[in-house]
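Visitor: Per my numbering, residue 784 is the first one in the sequence shown, and the count goes up by one each step.
Simulated from the structure, these hints should not be mistaken for laboratory data. In this text the structure is predicted, and so the values were computed from the model without any measurement. Please note: incorrect hints may appear among the correct ones.
[To be verified] Here are the simulated SDA-like pairs of lysine to any residue, each with C-alpha atoms no more than 20 angstroms apart in a straight line: (1) 1003 - 854; (2) 958 - 933; (3) 1003 - 992; (4) 958 - 842; (5) 958 - 847; (6) 958 - 989; (7) 887 - 855; (8) 958 - 854; (9) 853 - 972; (10) 878 - 862; (11) 958 - 987; (12) 958 - 926.
[Said to hold, decoys possible] Quick list of simulated restraints, FRET-style, between CB atoms: (13) 879 - 1000: 21 to 31 angstroms; (14) 846 - 992: 30 to 40 angstroms; (15) 925 - 857: 21 to 31 angstroms; (16) 843 - 879: 40 to 50 angstroms; (17) 839 - 862: 40 to 50 angstroms; (18) 881 - 999: 22 to 32 angstroms; (19) 925 - 967: 28 to 38 angstroms; (20) 883 - 1006: 39 to 49 angstroms; (21) 999 - 957: 34 to 44 angstroms; (22) 883 - 844: 19 to 29 angstroms; (23) 969 - 930: 33 to 43 angstroms.
Ideal Cβ positions, reconstructed from N, Cα and C, are used throughout, including at glycine.
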Amino acid sequence: MFPALAAFLLAVTGCTSATETDTTTDPKPVAARTAPGPSSASGARPLGAAIRDLETAPEYTGTYDRDAFKHWNRGLNPDDGCDTREELLLAEAVKAPTKGAGCKLSGGSWFSYYDGATVTDAGALDVDHMVPLEEAWSSGARSWTPERREAYANDLTAERSLVAVTAKTNRSKGKRDPAEWLPPADSALCTYLVDWTTTKLRWGLTADAAERDALIQHAKRCPDATVEVQPAP
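Using the sequences and the hints, build the whole thing.
Guide: This is how it looks when you write it as structure tokens:
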């Protein structure tokens, strides 16, 4: 998820869902995700230009096979006893949780940028696939090998592929693309558009016409946002 995630995970042991529940609004989160601004970094380009780089194609409307995406797997560090979800929660914690036996998390806090909520119960969080698995399937992943689909579903090597958010916002989003759903927090818009576009370009996924048009329209509110893509292996 973060550039330093692999190194971070080498230093941690244990993790999973806790059962304390406390979700509150935090107007000034410690670790809010933000859309990248103007950058001179190689490969960075304006959000609008990146959206126009998406290949446009009709979505596949046949049967979706969720089992074709193996997740969660053993994550970046197979020896730490944590799966992809748990490693992501450790990496995104604003306040580090206590790690118990069997990768059980207790305490800690997380910022859900979709709705601007601070969450102190790991069990109240979902790890969202930025581009949902069914959307990916309909946008090209159905033709991938099982190994590539597994890599997509557990992509901890890119900052924007997976994100910890409140369960209610993830389930509200479901399989919908930005023509059909956007995060409820106004502050999340530009970050979400960058995350979505980056993930689609990283994995070579297509966008249907309505999706692409919606991205272009909403991106007008994000004139300074930029996208930098590291293609998936």
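Visitor: Give a verdict on every hint.
Guide: Outcome of the hint check:
Simply put, residue 1003 and residue 854 have alpha-carbon atoms about 35 angstroms apart, too far for the 20 angstroms limit, and the pair is violated. Distance hint between residue 958 and residue 933 is fulfilled; the C-alpha atoms sit about 18 angstroms from each other, no more than 20 angstroms. This hinted pair checks out: residue 1003 and residue 992 have alpha carbons roughly 17 angstroms apart, not beyond 20 angstroms. For the hint pairing residue 958 with residue 842, the CA-to-CA distance comes to about 13 angstroms; that is within 20 angstroms, so the pair holds.
A threshold of 20 angstroms between alpha carbons decides the hint, and for residue 958 with residue 847 the separation of about 11 angstroms falls inside it, so the pair holds. Restraint check: the Cα-Cα separation between residue 958 and residue 989 comes to about 15 angstroms, which is no more than 20 angstroms; the hinted pair holds. With a C-alpha separation of about 16 angstroms, the suggested pair residue 887 and residue 855 falls inside the 20 angstroms cut-off, and the hint holds. With a CA separation close to 17 angstroms, the supplied pair residue 958 and residue 854 stays within the 20 angstroms bound.
For the proposed pair residue 853 and residue 972, the alpha carbon gap of about 29 angstroms is over 20 angstroms, so the pair is violated. Our distance criterion of 20 angstroms between C-alpha atoms is broken by residue 878 and residue 862, whose separation comes to about 24 angstroms. Taking the CA atoms of residue 958 and residue 987, the gap is about 18 angstroms. The hint holds against a cut of 20 angstroms. Taking the CA atoms of residue 958 and residue 926, the gap is near 19 angstroms; set against the 20 angstroms cutoff, the hint holds.
Range check, residue 879 to residue 1000: Cβ separation about 39 angstroms, and the 21 to 31 angstroms hint is violated. Checked against the hint of 30 to 40 angstroms, the C-beta distance between residue 846 and residue 992 comes to roughly 23 angstroms, which is inconsistent with it. With their beta carbons about 25 angstroms apart, residue 925 and residue 857 fall inside the hinted range of 21 to 31 angstroms. The given range of 40 to 50 angstroms is respected by residue 843 and residue 879, whose C-beta atoms sit roughly 41 angstroms from each other.
A C-beta distance of roughly 43 angstroms is found between residue 839 and residue 862, which places it inside the suggested range of 40 to 50 angstroms. The hinted range of 22 to 32 angstroms is not satisfied by residue 881 and residue 999, whose Cβ atoms lie roughly 45 angstroms apart. The supplied range of 28 to 38 angstroms is met by residue 925 and residue 967, whose beta-carbon atoms lie about 30 angstroms from each other. Distance hint check for residue 883 and residue 1006: the Cβ-Cβ separation is about 46 angstroms, which falls inside the suggested range of 39 to 49 angstroms.
One distance hint, 34 to 44 angstroms for the beta-carbon pair residue 999 and residue 957, is violated here, with the actual separation near 23 angstroms. Between residue 883 and residue 844 the CB atoms are about 45 angstroms apart, so this pair departs from the stated range of 19 to 29 angstroms. Separation of residue 969 from residue 930 is about 39 angstroms and conforms to the stated range, judged on CB atoms against 33 to 43 angstroms.
Taken one by one, the earlier hints fail for this structure at numbers 1, 9, 10, 13, 14, 18, 21 and 22, listed in ascending order.
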